[in-house]
Amino acid sequence: MAAKFDHLTEVDSCSENQKKSTAEKAKKCAKPTPGATMGGCAFDGAQIVLLPVGDAAHLIHGPATCVSQNWNNRGSRNLHGQYYKMGFSTDVTEMDVVFGGEKKITDKCVEIADRYPVKAIFVYTTCVTAMIGDDVPTACKKASELTGLPVIPVESPGFIGNKNFGNKIAGDALLEYVIGTREPETTTKYDINIIGDYNIAGELWQMMPVFEELGINVLASLTGGTSFNEIAHAHRAKCTLVICSKALLTLAEGLKRKYGIPFAEGSFYGLGEIEKTLLSVADMLDSDELRDRILKFVERKNAEVLAELAPYTAQLKGKRVFVYTGGVKSWSTIYQLEELGMDVIGTSTRKSTEQDIERIREHFEGTQKMLLEKGDGRILLNILQKEKADLLLAGGRNMYTSIKGRYPFVDVNQERIHGYAGYTGMVELAKQLAYTLTSPVWKVAKSKAPWE
Amino acid sequence: METKIKTGQTNPLKKSQILGGSLAALGIKGAMPLHHGSQGCTAFTKTFLTQHFREIVPMQTTALTDIATIMGEDWNLLEGMKNVIEKHKPELLVLLSTGISDTRGDDFERSIKDFRKKYPEYAGTKIVYCTTPDFVDDAHLGYTNTLKAVFKQLSPAKMQTEKGRVNVLPSFGMTAGDIDEIRDIIESFGLRPVFLPDISDSMSGSADFFYSTAPGGCTVEEIETAGAAEMNIAAGRTMGEIAEQLKELNGVPFVTFDSLIGISETDRFIELLMKLSGRMDVPAKIKKQRKIAIDVMLDGHFNFGGKKCAVAIEPDLLLGVSKFLHDELGITVQIGITTFNSSFLGEIPAEEVIKGDLEDVALKGGGVSLVISNTNAHLTSEMIHAPLLRMGIPVKDRIGQFIKVYSCYRGAAYFAAEIGSILLERDEHESWEEQTENYRRSL
Ligand code: SF4
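Residue numbers (my numbering), protein chains in the order written: chain Y, 1 to 452; chain L, 453 to 895.
Read the hints as simulated data drawn from the structure, not as lab findings. Fair warning: this is a prediction, and the values are worked out from it, not measured in the lab. A hint or two may mislead.
As the list claims (entries may be wrong) - Capping the alpha-carbon separation at 30 angstroms, the derived lysine-lysine pairs in BS3-like fashion look like this: (1) Lys-578/L to Lys-374/Y; (2) Lys-443/Y to Lys-85/Y; (3) Lys-615/L to Lys-539/L; (4) Lys-856/L to Lys-448/Y; (5) Lys-31/Y to Lys-739/L; (6) Lys-539/L to Lys-386/Y; (7) Lys-374/Y to Lys-570/L; (8) Lys-431/Y to Lys-296/Y; (9) Lys-541/L to Lys-388/Y; (10) Lys-31/Y to Lys-458/L; (11) Lys-600/L to Lys-85/Y; (12) Lys-404/Y to Lys-739/L; (13) Lys-743/L to Lys-570/L; (14) Lys-539/L to Lys-119/Y; (15) Lys-856/L to Lys-31/Y; (16) Lys-31/Y to Lys-727/L; (17) Lys-446/Y to Lys-541/L; (18) Lys-85/Y to Lys-534/L; (19) Lys-386/Y to Lys-565/L; (20) Lys-404/Y to Lys-539/L; (21) Lys-816/L to Lys-103/Y; (22) Lys-141/Y to Lys-258/Y; (23) Lys-103/Y to Lys-458/L; (24) Lys-404/Y to Lys-578/L; (25) Lys-807/L to Lys-103/Y; (26) Lys-374/Y to Lys-539/L; (27) Lys-615/L to Lys-458/L; (28) Lys-443/Y to Lys-727/L; (29) Lys-85/Y to Lys-615/L; (30) Lys-446/Y to Lys-856/L; (31) Lys-816/L to Lys-31/Y.
Claimed, not checked - A partial selection of chain L residues facing chain Y, derived with a Cβ cut-off under 7 angstroms: (32) Gln-461; (33) Ser-490; (34) Gly-492; (35) Thr-502; (36) Gly-532; (37) Thr-555; (38) Asp-586; (39) Ser-656; (40) Ser-658.
Ideal Cβ positions, reconstructed from N, Cα and C, are used throughout, including at glycine.
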């Protein structure tokens with residue numbers, strides 16, 4: 001049974017591309033430490049990318065943990081369907097472990113297609129079903145024949161890697177099974193793909209009016225707020241924007257290799273980054289006209305937003321904030337916070353690539369700011385205390401560490417409610433930062449009880 | 453949507469065993485659950501419980517990676533144990549298996565022996581284990597299985613009885629508020645309750661400091677001296693099995709309650725405490741609470757009559773809630789949905805009881821005025837236009853869920869008030885809709 005997964009284990013399972021030296025790679029690809037590991041599995045990563053496809057069902061071929069502790073827990077938003085809020089599972093039991101559970105895949109797909117008007121079904125392999133050697137691709141093919149729907153195998157047993165690796169697996173599945181399977185009805189000369197924005201808390205929606213006003217047409221979003229058919233059209237875009245995702249660069253590279261679509265990386269966080277990102281689209285589309293339009297638009301927008309921000313930036317100015325996010329966000333968020341007048345005292349570089357880290361280093365050059373490679377709650381609290389931080393910006397799981405330490409906090413993880421992208425997101429972030437910083441609860445929380 | 457035999461699950465109600473096992477561990481002071489599996493299982497479970505409790509939830513993983521390790525030696529397990537003990541110095545390490553480690557067939561007992569041999573310097577940390585694969589059972593059974601294992605491995609046989617000590621075995625899904633309420637009542641009879649386990653001390657917000665193992669709960673010593681209790685109170689039907697096992701182990705007699713929800717179960721509970729303490733003068737506060745609960749139930753009964761309800765929750769709670777709804781409030785339980793088959797499901801006063809999922813709320817709950825289940829039932833409740841009263845795990849879209857009390861007289865009052873308020877609002881709304889519609893038509 002081990003042989004079956006050779007093709008997956010042989011793949012470089014770090015988020016980085018090939019250019020690094022072997023030593024560097026070995027360091028980055030180091031296996032997680034038993035007893036000191038946090039973070040999701042490859043299956044989790046695959047779902048992060050694919051669940052936002054709102055009109056598709058997502059069938060998890062696995063036992064309880066993969067589904068039960070996981071479903072209905074993503075902040076993605078979608079108007080094409082909300083199947084990402086449902087948990088479809090083959091619910092693998094002891095019997096299936098002994099006899100195999102492939103038949104359940106086809107049966108469940110038929111049942112789903114019967115009950116819910118979905119446009120496609122993604123079927124995920126998880127650890128146990130990989131270990132027992134279930135042939136998911138064949139079962140999917142059969143299910144597709146029976147239902148008349150595209151049924152896409154996603155071979156993502158959790159043990160083969162971390163979330164980043166799972167992102168890649170999902171990207172590969174889209175490239176192999178979905179992209180290019182349909183033709184768009186109409187195209188424009190400003191058609192683009194967006195990769196890596198999952199419309200968490202409606203963040204892509206915060207950017208859509210911007211694109212619209214500029215005459216840029218988002219032909220396919222991979223995968224925030226998207227529909228299955230929309231993804232299938234991605235091969236017709238004129239260029240691709242990769243938003244805050246190193247792991248999905250492989251997908252952008254695939255689109256370039258297969259269909260000759262150029263790509264650039266960008267971010268929707270912060271005025272400067274938005275401008276840069278928009279201009280990179282104009283560059284890729286090679287349109288001076290668009291470039292001029294963007295420059296004019298940005299000038300007006302920036303003035304508007306700065307006026308709107310004024311009451312909040314007054315409260316945020318000079319406040320010391322530590323950023324604990326990792327990945328691309330570790331730098332994109334810094335820029336955004338600095339634009340709000342805050343003093344970023346340091347950032348974490350977990351899950352960041354060498355390029356990300358290089359970028360932060362350059363930005364921090366000549367300062368005493370810190371780069372934290374690996375931390376846990378205690379380390380984090382120590383830093384906040386030592387650096388006299390006013391606030392922590394991190395993922396939801398650290399929220400309660402922050403609260404225990406009595407530090408104001410803003411959540412930037414995937415389950416959050418507020419979107420911080422684009423111009424409206426910038427204002428929203430400023431508001432949320434100001435609200436937590438000025439909440440009277442902190443004072444009450446720090447007050448002494450009568451018996452103390 | 454038609455009802456056919458279903459494959460697998462859609463919108464699972466059940467959670468996996470490691471969740472329940474971890475929950476049991478989190479009620480033991482200084483304990484750390486260590487999952488033997490890949491990192492994803494732990495990440496999901498940790499996030500899930502963090503959202504539910506809104507607290508730091510300690511747990512770790514042995515982080516099995518790639519097929520080679522998965523099929524290989526138990527290096528990860530020993531290394532994981534070492535790292536956790538070195539870094540977090542837990543008083544108790546609770547090893548829980550996952551579907552992955554059980555598919556490859558790990559032997560905890562042997563590994564612990566190997567570990568003891570290899571790392572004698574960590575002899576101070578107690579280690580217990582439980583097999584909790586996620587392809588069998590559910591979180592409720594993971595909780596009871598783990599408790600059974602903990603007692604078996606930590607509690608020695610007979611001990612001298614400590615006068616006034618009562619062990620309470622709280623059921624899966626009880627809130628910190630429930631536990632504190634029960635504690636308060638037992639203490640008011642001059643007895644000393646020990647909750648095994650006690651999440652009210654660790655997952656209730658009362659730990660206002662950073663921690664990396666369970667910050668409160670019953671102590672390991674309290675587990676080891678379980679045999680000193682005068683009586684074990686099983687607060688939930690399945691907890692009775694554990695009490696029975698304890699009796700075999702240390703001879704402590706026990707009384708099982710289906711739950712402590714509702715007046716009649718609480719009456720039985722108070723009777724027991726009167727007998728145990730020899731106090732016939734029940735504290736005035738408790739007498740008053742009973743009167744208040746009954747008054748709330750009377751106030752609400754105009755809205756209870758003729759109503760139907762769907763309840764989707766783990767078996768112990770399903771039994772307790774259904775008995776309260778049916779026997780004391782007069783609400784029909786149209787469908788009871790739960791997570792495993794058990795002989796006592798037949799005693800649940802519901803029109804139908806199934807082992808199912810939250811899709812069944814929509815498939816079988818048509819026409820109900822109320823759904824009682826966890827947060828994840830919101831989607832299917834909306835499909836049948838029924839309000840959802842959040843209970844069980846997870847409740848991640850409410851603030852302060854852990855302070856809610858469902859148990860004893862006070863809990864009955866709150867619970868009846870909450871149900872009554874929802875139904876009252878609905879009644880008013882429906883009556884308005886119906887009348888205006890009729891009136892319009894008559895014009
Ligand atoms: S690690 Fe494996 S078993 Fe655990 S949640 Fe991820 S896919 Fe499922």
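Outcome of the hint check:
1. Lys-578/L to Lys-374/Y: holds (28 angstroms)
2. Lys-443/Y to Lys-85/Y: Distance of about 38 angstroms is beyond 30 angstroms: violated.
3. Lys-615/L to Lys-539/L: violated (39 angstroms)
4. Lys-856/L to Lys-448/Y: holds (26 angstroms)
5. Lys-31/Y to Lys-739/L: violated (61 angstroms)
6. Lys-539/L to Lys-386/Y: Given that 30 angstroms is the threshold and the Cα spacing comes to 21 angstroms, the pair holds.
7. Lys-374/Y to Lys-570/L: Holds, at about 28 angstroms.
8. Lys-431/Y to Lys-296/Y: holds (27 angstroms)
9. Lys-541/L to Lys-388/Y: With a Cα-Cα distance of about 28 angstroms, the restraint between Lys-541/L and Lys-388/Y holds, given a limit of 30 angstroms.
10. Lys-31/Y to Lys-458/L: violated (39 angstroms)
11. Lys-600/L to Lys-85/Y: violated (35 angstroms)
12. Lys-404/Y to Lys-739/L: Measuring from Cα to Cα gives roughly 38 angstroms; hence the hint is violated.
13. Lys-743/L to Lys-570/L: violated (61 angstroms)
14. Lys-539/L to Lys-119/Y: violated (49 angstroms)
15. Lys-856/L to Lys-31/Y: Cα-Cα ~42 angstroms, so violated.
16. Lys-31/Y to Lys-727/L: Status violated; Cα separation ~59 angstroms.
17. Lys-446/Y to Lys-541/L: holds (29 angstroms)
18. Lys-85/Y to Lys-534/L: violated (39 angstroms)
19. Lys-386/Y to Lys-565/L: This hinted pair is violated, its Cα atoms lying about 42 angstroms apart.
20. Lys-404/Y to Lys-539/L: holds (20 angstroms)
21. Lys-816/L to Lys-103/Y: holds (26 angstroms)
22. Lys-141/Y to Lys-258/Y: Holds, at roughly 24 angstroms.
23. Lys-103/Y to Lys-458/L: It holds: about 13 angstroms lies between the C-alpha atoms, which stays within 30 angstroms.
24. Lys-404/Y to Lys-578/L: holds (28 angstroms)
25. Lys-807/L to Lys-103/Y: holds (21 angstroms)
26. Lys-374/Y to Lys-539/L: holds (14 angstroms)
27. Lys-615/L to Lys-458/L: Violated, because 53 angstroms separates the two Cα atoms, which is more than 30 angstroms.
28. Lys-443/Y to Lys-727/L: violated (48 angstroms)
29. Lys-85/Y to Lys-615/L: violated (53 angstroms)
30. Lys-446/Y to Lys-856/L: holds (25 angstroms)
31. Lys-816/L to Lys-31/Y: Since the Cα atoms of Lys-816/L and Lys-31/Y sit roughly 47 angstroms apart, the hinted pair is violated (cutoff 30 angstroms).
32. Gln-461: holds (5 angstroms)
33. Ser-490: holds (4 angstroms)
34. Gly-492: This hint holds: Gly-492/L lies near chain Y, its Cβ roughly 2 angstroms from the closest one there, short of 7 angstroms.
35. Thr-502: holds (6 angstroms)
36. Gly-532: holds (3 angstroms)
37. Thr-555: holds (5 angstroms)
38. Asp-586: Given a least distance of 4 angstroms, the restraint on Asp-586/L holds.
39. Ser-656: Hint violated; Ser-656/L Cβ to chain Y Cβ min 13 angstroms, cut 7 angstroms.
40. Ser-658: violated (12 angstroms)
Of the numbered hints listed earlier, those contradicted by the structure are 2, 3, 5, 10, 11, 12, 13, 14, 15, 16, 18, 19, 27, 28, 29, 31, 39, 40.
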